[in-house]
Amino acid sequence: MNAVNLDNVAATPVDPHVLEVMMPYFKDHYGNPSSGHELGEKPARALVEAREKVGDFIGSNPDEITFTSCASESNNMALKGIAAAYKKKGQHIITSAIEHFSVLNPLRTLEKEGYQVTYLPVDHYGLVDPEQLRKAISSDTVLVSIMTANPEIGTIQPIKELAEIAKENGVVFHTDATAAAGYLPLDVEKLKVDLLSLAGDQFYGPKGSGALFVRQGTRILPLIEGGIQEKGRRAGSENVPAIVGLGEAALLAGERMEERTKSLSSVRDSLRKQLFSGITHLHLNGHPDKRLPHNLHISVEFVEGEALLMHLNNAGIYVSSGSTCTSQALKSSHVLAAIGLSPELAQGSLLFTLNLENSVEEVSYIVERLAETAEKLRRMSPLYQKYLKEGS
Amino acid sequence: MNAVNLDNVAATPVDPHVLEVMMPYFKDHYGNPSSGHELGEKPARALVEAREKVGDFIGSNPDEITFTSCASESNNMALKGIAAAYKKKGQHIITSAIEHFSVLNPLRTLEKEGYQVTYLPVDHYGLVDPEQLRKAISSDTVLVSIMTANPEIGTIQPIKELAEIAKENGVVFHTDATAAAGYLPLDVEKLKVDLLSLAGDQFYGPKGSGALFVRQGTRILPLIEGGIQEKGRRAGSENVPAIVGLGEAALLAGERMEERTKSLSSVRDSLRKQLFSGITHLHLNGHPDKRLPHNLHISVEFVEGEALLMHLNNAGIYVSSGSTCTSQALKSSHVLAAIGLSPELAQGSLLFTLNLENSVEEVSYIVERLAETAEKLRRMSPLYQKYLKEGS
Amino acid sequence: MAQYSEKVMDHFSNPRNVGEIPDADGVGEVGNPVCGDMMKFTIKVKDGILEDVKFLTFGCGAAIAVSSMVSEMAKGKTLEEALKITNKDVAKELDSLPKNKLHCSNLGADALHNAINDYLQKNEKNN
Amino acid sequence: MAQYSEKVMDHFSNPRNVGEIPDADGVGEVGNPVCGDMMKFTIKVKDGILEDVKFLTFGCGAAIAVSSMVSEMAKGKTLEEALKITNKDVAKELDSLPKNKLHCSNLGADALHNAINDYLQKNEKNN
Ligand SMILES: Cc1ncc(COP(=O)(O)O)c(C=O)c1O
Ligand SMILES: Cc1ncc(COP(=O)(O)O)c(C=O)c1O
Numbered sequence: 002m003n004a005v006n007l008d009n010v011a012a013t014p015v016d017p018h019v020l021e022v023m024m025p026y027f028k029d030h031y032g033n034p035s036s037g038h039e040l041g042e043k044p045a046r047a048l049v050e051a052r053e054k055v056g057d058f059i060g061s062n063p064d065e066i067t068f069t070s071c072a073s074e075s076n077n078m079a080l081k082g083i084a085a086a087y088k089k090k091g092q093h094i095i096t097s098a099i100e101h102f103s104v105l106n107p108l109r110t111l112e113k114e115g116y117q118v119t120y121l122p123v124d125h126y127g128l129v130d131p132e133q134l135r136k137a138i139s140s141d142t143v144l145v146s147i148m149t150a151n152p153e154i155g156t157i158q159p160i161k162e163l164a165e166i167a168k169e170n171g172v173v174f175h176t177d178a179t180a181a182a183g184y185l186p187l188d189v190e191k192l193k194v195d196l197l198s199l200a201g202d203q204f205y206g207p208k209g210s211g212a213l214f215v216r217q218g219t220r221i222l223p224l225i226e227g228g229i230q231e232k233g234r235r236a237g238s239e240n241v242p243a244i245v246g247l248g249e250a251a252l253l254a255g256e257r258m259e260e261r262t263k264s265l266s267s268v269r270d271s272l273r274k275q276l277f278s279g280i281t282h283l284h285l286n287g288h289p290d291k292r293l294p295h296n297l298h299i300s301v302e303f304v305e306g307e308a309l310l311m312h313l314n315n316a317g318i319y320v321s322s323g324s325t326c327t328s329q330a331l332k333s334s335h336v337l338a339a340i341g342l343s344p345e346l347a348q349g350s351l352l353f354t355l356n357l358e359n360s361v362e363e364v365s366y367i368v369e370r371l372a373e374t375a376e377k378l379r380r381m382s383p384l385y386q387k388y389l390k391e392g393s
Numbered sequence: 002m003n004a005v006n007l008d009n010v011a012a013t014p015v016d017p018h019v020l021e022v023m024m025p026y027f028k029d030h031y032g033n034p035s036s037g038h039e040l041g042e043k044p045a046r047a048l049v050e051a052r053e054k055v056g057d058f059i060g061s062n063p064d065e066i067t068f069t070s071c072a073s074e075s076n077n078m079a080l081k082g083i084a085a086a087y088k089k090k091g092q093h094i095i096t097s098a099i100e101h102f103s104v105l106n107p108l109r110t111l112e113k114e115g116y117q118v119t120y121l122p123v124d125h126y127g128l129v130d131p132e133q134l135r136k137a138i139s140s141d142t143v144l145v146s147i148m149t150a151n152p153e154i155g156t157i158q159p160i161k162e163l164a165e166i167a168k169e170n171g172v173v174f175h176t177d178a179t180a181a182a183g184y185l186p187l188d189v190e191k192l193k194v195d196l197l198s199l200a201g202d203q204f205y206g207p208k209g210s211g212a213l214f215v216r217q218g219t220r221i222l223p224l225i226e227g228g229i230q231e232k233g234r235r236a237g238s239e240n241v242p243a244i245v246g247l248g249e250a251a252l253l254a255g256e257r258m259e260e261r262t263k264s265l266s267s268v269r270d271s272l273r274k275q276l277f278s279g280i281t282h283l284h285l286n287g288h289p290d291k292r293l294p295h296n297l298h299i300s301v302e303f304v305e306g307e308a309l310l311m312h313l314n315n316a317g318i319y320v321s322s323g324s325t326c327t328s329q330a331l332k333s334s335h336v337l338a339a340i341g342l343s344p345e346l347a348q349g350s351l352l353f354t355l356n357l358e359n360s361v362e363e364v365s366y367i368v369e370r371l372a373e374t375a376e377k378l379r380r381m382s383p384l385y386q387k388y389l390k391e392g393s
Numbered sequence: 084m085a086q087y088s089e090k091v092m093d094h095f096s097n098p099r100n101v102g103e104i105p106d107a108d109g110v111g112e113v114g115n116p117v118c119g120d121m122m123k124f125t126i127k128v129k130d131g132i133l134e135d136v137k138f139l140t141f142g143c144g145a146a147i148a149v150s151s152m153v154s155e156m157a158k159g160k161t162l163e164e165a166l167k168i169t170n171k172d173v174a175k176e177l178d179s180l181p182k183n184k185l186h187c188s189n190l191g192a193d194a195l196h197n198a199i200n201d202y203l204q205k206n207e208k209n210n
Numbered sequence: 084m085a086q087y088s089e090k091v092m093d094h095f096s097n098p099r100n101v102g103e104i105p106d107a108d109g110v111g112e113v114g115n116p117v118c119g120d121m122m123k124f125t126i127k128v129k130d131g132i133l134e135d136v137k138f139l140t141f142g143c144g145a146a147i148a149v150s151s152m153v154s155e156m157a158k159g160k161t162l163e164e165a166l167k168i169t170n171k172d173v174a175k176e177l178d179s180l181p182k183n184k185l186h187c188s189n190l191g192a193d194a195l196h197n198a199i200n201d202y203l204q205k206n207e208k209n210n
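Listed in order, the protein sequences are those of chains A, B, C and D. Converting from the first sequence to my numbering requires adding 1 to each position, the first position being numbered 1. Converting from the second sequence to my numbering requires adding 1 to each position, the first position being numbered 1. Converting from the third sequence to my numbering requires adding 83 to each position, the first position being numbered 1. Converting from the fourth sequence to my numbering requires adding 83 to each position, the first position being numbered 1.
Where hints are given, some of them may not hold.
As the list claims (entries may be wrong) - With a straight-line cut-off of 30 Å between C-alpha atoms, the simulated DSSO-like cross-links for lysine-lysine are:
id: 1; chain 1: D; residue 1: K127; chain 2: D; residue 2: K175
id: 2; chain 1: A; residue 1: K390; chain 2: D; residue 2: K175
id: 3; chain 1: B; residue 1: K377; chain 2: B; residue 2: K332
id: 4; chain 1: A; residue 1: K88; chain 2: B; residue 2: K377
id: 5; chain 1: B; residue 1: K113; chain 2: A; residue 2: K232
id: 6; chain 1: A; residue 1: K89; chain 2: B; residue 2: K113
id: 7; chain 1: A; residue 1: K232; chain 2: C; residue 2: K90
id: 8; chain 1: D; residue 1: K205; chain 2: A; residue 2: K390
id: 9; chain 1: A; residue 1: K377; chain 2: D; residue 2: K175
In case anyone wonders, no lab produced these hints; they're calculated from the structure. Since this is a predicted model, take the numbers as computed values, not measurements.
Please build the complete structure, drawing on both the sequences and the hints.
Rendered as structure tokens:
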């Protein structure tokens with residue numbers, strides 16, 4: 002059995018066709034799109050086309066798209082840029098407890114600068130309650146930022162409902178769609194969001210490619226200031242190959258959305274079913290249905306995640322975990338804490354994020370190996386031995 | 002004659018070897034370097050190696066290098082990050098009048114936030130006077146930012162002298178080395194700078210690759226906050242192919258510095274000589290000797306730059322101009338204004354930035370075409386006709 | 084550099100009526116090199132008709148194309164007709180100009196009108 | 084996931100002395116699942132010598148390898164010798180541990196010492 006990669010949460014491979022489309026922009030059409038002469042023409046046209054493709058992908062006008070270098074940049078730009086632009090109107094921002102750190106950390110910085118931030122709790126599925134949002138909005142609120150879907154537990158938020166509440170109150174609404182883009186149909190008109198972040202390397206586009214949608218009429222200050230690239234919203238020589246790759250990846254993701262999500266969720270569902278029938282004492286985390294099609298998040302009771310990962314790694318199976326021990330920062334997942342998962346279960350959590358190469362054929366191999374591993378680790382687990390004795 | 006590209010100021014092609022080294026990181030080694038399993042190992046190792054290469058390139062420790070997406074980001078991070086970190090110490094910053102907009106614009110924003118900024122003038126060569134820097138420093142000064150070399154007029158600043166003055170006064174010194182990196186030997190120990198910005202696409206590395214050197218012990222706050230990539234200094238999934246490309250380009254540029262600068266300056270010197278002997282009424286802008294080896298900046302009297310560019314473009318020769326009419330923002334160059342060039346001469350300015358593919362064989366072709374073009378445009382220029390009559 | 088129409092590129096590359104008419108009946112100048120463009124129109128008038136129109140221009144590609152087009156449009160027209168040529172007419176004849184270059188068409192029409200008015204003023208005095 | 088030495092990987096993959104000694108002479112427990120690691124050592128003592136040492140561990144790869152290594156190092160040693168085993172000794176025997184995993188070696192040594200001290204306390208009472 003070849004290696005089975007079920008850890009695509011932060012990286013998918015670049016689609017071969019996408020890479021092919023990017024290639025000429027490294028060497029042949031390397032010109033600066035802002036330059037006045039012929040060498041800049043192809044790159045300039047490529048930017049126009051990529052902007053249209055990304056616009057089509059999320060239902061926006063091309064000129065509402067600003068290209069960035071990653072979703073973290075998009076999020077920082079959105080939060081700091083809106084906060085600065087609307088500072089005189091108000092200094093209260095609302096977000097959720099389970100946002101990505103590229104949302105939470107800029108907000109911490111804004112708090113130090115005097116902004117007020119409300120962190121909405123989530124239920125045990127990871128859902129934000131629209132009524133809680135409504136109650137949290139005050140006359141000082143200028144921005145609400147709620148992610149479209151959570152990359153860890155996979156839970157999909159009721160963005161349209163949440164964005165409507167913000168709109169009713171004249172508050173700008175941002176959604177971090179990084180984990181959702183490519184896996185859910187996104188339409189900024191239907192969703193009624195004012196800003197949306199995404200990154201190409203989550204759906205077979207290149208690393209170093211990101212975008213921020215900013216609805217026309219929404220004021221925003223730039224994060225990276227300098228030249229007048231991106232209409233003055235984001236300085237720096239345009240990363241043409243990455244932008245071209247993002248555009249092509251968005252085109253493919255849009256065209257193949259149904260086919261891809263069907264294929265991903267069928268493998269995922271089969272994995273889920275076989276895991277739960279083949280191994281005892283598993284917990285499903287996140288929402289049973291309102292979840293990303295390629296996401297499965299479970300806890301293996303009585304054992305710790307890094308140890309699971311290491312055994313699976315030895316068997317050529319790559320997954321990730323919300324365990325303290327696997328995090329470089331040695332912190333346990335704030336998402337798992339926010340949904341009220343007990344520390345033991347958080348330690349034994351496993352995140353499967355599928356890519357298009359994963360197949361149902363791999364499922365039984367994965368289940369067998371995980372069953373073995375769980376058995377082996379439980380045999381040496383004091384918690385499991387205690388359970389066997391006491392049946393706690 | 003094939004197209005002759007003499008407009009490499011904002012873009013060089015990616016070196017074929019550099020591109021080759023990058024390729025495996027798009028598809029095969031696409032894993033997230035921060036992930037715990039084998040798929041992340043190669044990318045993680047590649048980051049370590051690239052950091053060493055960039056460190057070697059500028060004489061710093063690898064862990065003093067933060068990877069960014071472009072020089073504009075490096076500059077924004079340096080200025081805003083140092084200003085925020087040293088805010089309590091003081092709020093005065095010194096820069097020069099001829100910095101890139103990715104230095105000037107963040108400083109304008111800081112001014113709006115209450116910082117004081119001194120813009121040091123330059124002489125008619127574009128040189129900053131160290132004594133003026135010394136006088137400008139006050140007890141409130143926390144940062145000096147002076148570019149290593151100017152991308153337009155090519156003038157090289159006395160960075161070591163300037164940085165020493167900052168050091169004597171306990172002030173942090175940043176240099177934007179974007180135009181210089183790859184064309185001048187840079188050693189942060191010898192130069193005594195505390196921060197240094199560079200971008201890979203200026204010296205045959207990929208677009209979307211930048212770095213900021215931050216001397217150990219210098220405090221700085223991040224611009225893009227989120228995950229703990231780059232030790233928490235710059236969030237966002239690492240753009241591994243770009244970083245690998247930057248590392249390789251830095252390695253090559255370091256190894257071949259002498260050979261490259263020799264070859265570039267010999268073509269440049271030949272171009273300069275033949276232009277001045279073949280065409281009347283030309284002006285050299287910038288410093289006669291203290292200039293980048295691949296830079297030539299002239300003014301063609303009596304005519305306007307865009308018209309020159311268009312005729313040259315038709316002849317397959319690509320250059321750029323500081324003319325108002327060629328700038329997307331329809332603003333004339335602040336650099337040419339700062340060196341006291343008259344508006345007429347600024348309008349007729351031409352910037353030649355050579356790349357390694359340019360050869361002495363191309364020089365006579367360029368000179369002939371430019372001579373023709375100047376002749377044609379002067380014939381219809383009211384300024385030239387007036388000069389012929391009045392000899393002004 | 085702006086994206087120009089073929090017509091603009093043609094008039095830029097092969098400008099018509101370049102030069103200065105010696106002993107012109109009217110001279111019109113607009114602009115200055117500081118703002119980037121400068122045009123000088125000279126005209127020859129016979130029986131109320133623009134018998135000859137020539138221009139000198141310091142400026143960008145659009146400025147040169149506009150000058151050339153204006154000179155062609157004006158030649159052979161009566162003074163009244165020529166005075167009615169607007170910047171819009173010029174841009175239209177050139178198959179449009181990039182937005183940030185529209186001011187060039189103003190300059191061209193203005194320079195022509197200045198030359199005609201110069202002629203009219205001189206003639207008034209002579210009468 | 085941390086970069087582990089071969090020795091660590093070996094002890095992690097094939098841990099020695101896993102289990103719980105029934106009727107152990109001493110029991111030592113440290114940690115709890117909240118902080119990520121939990122170890123339970125049981126020992127059998129005969130003539131002042133650690134005749135048997137077994138462990139149960141809930142924890143990461145390092146925690147498991149440390150437990151295994153500590154059990155091996157302790158087995159056959161006198162109580163005094165075993166009490167002198169430090170976290171540094173354990174890490175050294177494992178050909179070093181990643182920095183952010185060094186605390187695991189503390190836990191292993193502590194759990195063993197707790198088991199020994201438990202034995203000593205019980206024995207004191209019996210005497
Ligand atoms: C001196 C200098 N600084 C900064 C920049 C901005 O570089 P980038 O486009 O990589 O952001 C440039 C670009 O030409 C430059 O010449
Ligand atoms: C929801 C979400 N937001 C933001 C990010 C940051 O993305 P990037 O690494 O492109 O900055 C991630 C990355 O996984 C994510 O899942």
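Each hint tested on the structure:
1. For a cut-off of 30 Å, the pair hint linking D:K127 to D:K175 stands: about 25 Å separates their Cα positions.
2. As the CA atoms of A:K390 and D:K175 are separated by approximately 36 Å, the hinted pair breaks the 30 Å bound.
3. Distance check on the hinted pair: B:K377 and B:K332 sit about 26 Å apart at the alpha-carbon level, within 30 Å; holds.
4. Note on A:K88 and B:K377: the hinted pairing is violated, with a Cα-Cα distance of about 55 Å set against a maximum of 30 Å.
5. Between B:K113 and A:K232, the direct Cα distance comes to roughly 21 Å. Compliance with the 30 Å bound is thereby established for this hinted pair.
6. Of the supplied pair hints, the one linking A:K89 and B:K113 holds, its CA atoms being roughly 14 Å apart against a limit of 30 Å.
7. Distance restraint check for A:K232 and C:K90: the Cα-Cα separation of roughly 28 Å lies within the 30 Å cut-off, and the hinted pair is therefore satisfied.
8. For a cut-off of 30 Å, the pair hint linking D:K205 to A:K390 stands: about 24 Å separates their Cα positions.
9. Pair hint A:K377 plus D:K175 holds up; C-alpha atoms about 26 Å apart against a cutoff of 30 Å.
Consistency with the previously given hints fails for numbers 2, 4, ordered from lowest to highest.
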